[in-house]
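Chemist: Residue strings, one per chain:
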Amino acid sequence: MSEKAKLMQGNEACTMAAIAAGLEFYAGYPITPSTEIAEMCSEELPKVGGKFIQMEDEIGSISACIGASLTGAKAMTATSGPGFSLMQESIGYASLCEIPVVIIDVQRMGPSTGMPTSPAQGDLMQARWGTHGDHPIIALAPGNVKECYELTFRAFELSEKYRVPVVVLTDEVIGHMREKVVLPDPANYRMPLRAMPQSPAGYKPYAADPNGGVPLMAPFGTGYRWHCTGLFHDENGAPSSKPAVASTLLRRLNLKIENRVDELADYVAEGLEDCDLAVVSFGSSAMAALSAVRRSCGEGYKVGMLRLKTIWPFPSALIRRLLAPAKKILVPEMNLGQLAIEIERAAGCERPVIRLGKVNGDLFHPDEVFAAIKEAL
Amino acid sequence: MAEFLSYFRQDRLPHIWCPGCGNGTVTGALIRAIDKLGLDKNNIVMVSGIGCSSRAVGYLDFDTLHTTHGRAIAFATGVKLARPRLKVIVITGDGDSAAIGGNHFIHAARRNIDITTIIINNNTYGMTSGQASPMTPHGMLGTTAPYGNVEYNFDLCELAKAAGATYVARATTYHYVLLEDLIGKALMHKGFAVVEVLSQCPTYFGRKNKIGGAVDSLNWIKNQTINIKAAAVLPPEKREGKILIGELHRGEKAEFTQQYLELIARVQRTNPTYARNKGVPGCELNSD
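These protein sequence lines map, in sequence, to chains A and B. Residue 55 in our numbering is what sits at position 55 of the first sequence, and the numbering runs on without skipping anything. Residue 1238 in our numbering is what sits at position 238 of the second sequence, and the numbering runs on without skipping anything.
Treat the hints with caution; some may be incorrect.
Only pairs whose alpha carbons sit at most 27 angstroms apart, straight line, appear in this in silico DSS-like list of lysine-lysine [to be verified]: (1) K1190(B) <-> K47(A); (2) K1210(B) <-> K1229(B); (3) K47(A) <-> K1087(B); (4) K204(A) <-> K242(A); (5) K302(A) <-> K374(A); (6) K1253(B) <-> K47(A); (7) K1190(B) <-> K1210(B); (8) K1087(B) <-> K204(A); (9) K374(A) <-> K309(A); (10) K374(A) <-> K4(A); (11) K1161(B) <-> K1210(B); (12) K180(A) <-> K309(A); (13) K204(A) <-> K1041(B); (14) K1210(B) <-> K1185(B); (15) K1185(B) <-> K1242(B).
Quick caveat, the hints were computed from the structure, so don't treat them as lab data.
Isolated chain B (complex conformation) (with noise of 0.2 angstroms):
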């Protein structure tokens, strides 16, 4: 217990999150999937965006970016590409990831740029009390769909896979030992990895659905899911309607920042006098 304790700003705590909140078993996840991995502390940046779940940095003892609503990816696209040897960890939520920061996830996942990307999946708008999100299931209710949502949600980790993102992994708060390995492989991985964690919000979601307290949302999310090497030999009438959990994808594909390292060193072959105060282009008006 100690030694993760010294992950956190202990000065920063207690956190904001509710009882029964899902947010501090994937901190305590990831953080025990770093000291497993050994990573070095100062090489890691993390980065999240606006929620509940983007409080999470604030109380880890890393270089950490708390940023705009939805942009975390983008200003984690900065951070690597400017100095590729960081390790670049994104936490950020469902309406963060896949409502205002659609367009960056997925033009992350299509870059393949090494960064690991945690979605904390609640289904809900948790900082705002609980409205509905893109991540909210058809019919479910949300303050903003009080009447059932006539939207459907997004399959995020297929959206993920089909945008290029290397690395695919679900896992719940419930299936903790799951969620803990899956996070540590996607740090191992070098390219775009998405661990979607399905989470409970047992103070908007739960109540707003009378699911429960935070076991009950902990056993409804249990009960929607099946890891996908269970469901492989199962027959597929068992399988309906349930969401898989486990690796679900990995590609192989050339990282970004590396490829854009080896096309400076391409380009600095080639253009082996440049300077920056001197290879100005424009026409020379005298050669002298």
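Bound conformation, chain A alone (with noise of 0.2 angstroms):
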């Protein structure tokens, strides 16, 4: 079979690759600008046997989704802002007890109700920090329809191999534009596996490497018959309030991630080996900045671009690294300036960082960046 052209949008994307990827459950919640994947997900799931739920919150849709994954099911959830809020908790409880899920975020303006059928940029900090306590988390920015399937399809391969709770961070613009998307040949799927135990003898829940290392994970119902819990514990799965125990298992959370950062930086580069000024961007922002810049270019200006698909973790050696080349870096989000903040930590020590945020619930025209950049040179 080979590759195929399709039309369709971001959020129909994000199902597809999820279903390809092996996606097993799905509980949700209705939430604008997320509630096409709900619908798809109860419409495709049962023909390859999968499990739809249409939870009561989405507080009660997380923690399905993560009932389902201990038994060993590819689980996923959908919301924006106001959900993504609700899911908080729960998300950290994936966190602590290393439990494989997929989030899929169609951000919308905030903060509260908002306006739903506006896109934003305004949980990225959310999307690091909505939990709490120093806790691991991915997340990943897709930039058009095509990436939403791909950054989907990844977003179940880190999960899955990190056993962590991996974002899907896109807007209500990348959610339901459409576009013509070539689909990978299926021939090439490797659908990602969780790593198993080889058997309930000595099986120790949470044994692992303290520098990072990842434990194997038994299903629930295959006879190892170990606990799960949100309290802090040791590689038994006991509870414990040791302050050893506690420290040794919230270092190796984090370093099982920090460790990998290189590994897991996805991004794309464009003119910033000699430029006067760099644009950084992700999401449908990077999408008018990349117009802009192009034009910028065309006019004679150095302006080079860089749009980041892996936000979390922050990759901001590799940052500072591609930026150090520009005399001053322009920001473009919707937002008003999560993502500078984190450029200003890794790369702006020396040189300005112009904050450029919109967050009137439209999203930027070329025109607008365009204008930014050039008062900026």
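Relying on the hints, combine the two individually framed chains into one complex.
Modeler: Shown next, in the form of structure tokens:
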């Protein structure tokens, strides 16, 4: 079977990628602008023997996903800002207990109910720090419909491999925009698989290298009879409040992701080697930004572009290196500077970082970014 | 005795519960009911939330899931729907199930999902040292109701029944034989089964309300209850103010996960060639 071109929207692409990755369980609650994902899962999952359930709220949705994942099923939910906020406690549970789960957050204007049908990128920090305590998380940000497919698939690979919740951070524009997408040839798929222990004899559910190791996960209902708790726990899964146990666990969980920041980094760079100004963006804002950057180059300005596809863990060292030639940095984003703060931290000491935040519910027009580029230069 | 010890993770004992607590009585009744039914240990998943009662699962030798506060039934819903062959048992408390988790409780009942839910109702938040709960009776004391509780408590069994649960029973830690029997029946029931267990918290609820120690608390529970069969032949004035115990409700309704499996079979019959990476919706741009 060959590759095929399809016309589809971002939300559809996320769903199709999830099913291709082996999605077996979806629990969700209706919320604009993510609802198409739930609707499509309700229709498509039974065809492949998977399960869909519409829960009573987003807290129940993420909880049911974690329960399903514990039995070995690949599980996903999709939501937007308000629902993502409700999920945070259980996302922390999944981080601590190391339960794979994928969360699609189709961002909309907030805080609160905000503007439900307008795009925004204000969940960048919520994706990182929404739940309490230091915790590992991965967040990927597709910049077009094709990447919705690719990065959702990758979200399952990473979530299963590192036993960590992975957030796919799209937005209303990416989620609802229709584009021509050439899907990868199914023959090239390698469905993500979870590493499993060989035998219940001597199984320790949380035994792993303290320097960021990933323990083997036994599915519930297969004879391992292990204990999963949101309390700090030792390698046997037994609750513990011993300082050494708590510290070892929390450090391992965070090292699991921090140690792999280079491997997880994903970006698209253009013309950064020799530029007076670097534009850094992500998601749908980056579409307008790239258009403006190319126009600037056409008019003789030396402008480069960096689009981040992996947001968390934040690849600080890489960004510092990539942005080294730039004299100034411009960060267009649909929030008041959440990415810019990180860019300032990573690469801001030697050059100004100009925030171009847009929070009126409109997406960026290339002209706006172009005007900002000219002003900065 | 020895055969019941094998159901425990003995390396996790002793437990954290106070002397005189009812949680051990309920845990013991659950283990004996499982043993009597001969259920396969490897086929059971026990799920709990947060609170004293929810610590029970950590001591038991099954696949056990100690979740976030109030969400045990939602996690259990995921376990059961993903793997309907598993026997899923929730152990929860009155705060966990009736306050923070009330929504999941009524919706699981509405779906009639095959989960056995045992609610240990000690009328208070024991883990946080005795605050008023949705099951603290009107007028009684808690550390957050120092002048007497002005709120009213739920009738959890009526709530479960109204929401659609198909097996509803109430027992107490005083009526041990009844408790074990009702848990066994709940485990055998195919559908959402609720057993509310009136239990004692002598440390906080008993002391705050000057009920006395564990034995006084058990008698306090006993004196408020009346078996539904005995109540049926008593005049109304003798039943006044009493809490019914026994099997309170059995309903007939198809079970949720079973229906979902039938839905899958139906859908797959009409889409026989569908495959994960083939059946892609969206508009075809080329037909080759």
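Chemist: Hint by hint, note whether the structure agrees.
Modeler: Right, here's what the structure says about each hint:
no.: 1; hint: K1190(B) <-> K47(A); in the structure: holds (26 angstroms)
no.: 2; hint: K1210(B) <-> K1229(B); in the structure: violated (31 angstroms)
no.: 3; hint: K47(A) <-> K1087(B); in the structure: holds (25 angstroms)
no.: 4; hint: K204(A) <-> K242(A); in the structure: holds (18 angstroms)
no.: 5; hint: K302(A) <-> K374(A); in the structure: holds (11 angstroms)
no.: 6; hint: K1253(B) <-> K47(A); in the structure: holds (25 angstroms)
no.: 7; hint: K1190(B) <-> K1210(B); in the structure: violated (41 angstroms)
no.: 8; hint: K1087(B) <-> K204(A); in the structure: holds (23 angstroms)
no.: 9; hint: K374(A) <-> K309(A); in the structure: holds (26 angstroms)
no.: 10; hint: K374(A) <-> K4(A); in the structure: violated (41 angstroms)
no.: 11; hint: K1161(B) <-> K1210(B); in the structure: violated (33 angstroms)
no.: 12; hint: K180(A) <-> K309(A); in the structure: holds (20 angstroms)
no.: 13; hint: K204(A) <-> K1041(B); in the structure: holds (18 angstroms)
no.: 14; hint: K1210(B) <-> K1185(B); in the structure: violated (35 angstroms)
no.: 15; hint: K1185(B) <-> K1242(B); in the structure: holds (24 angstroms)
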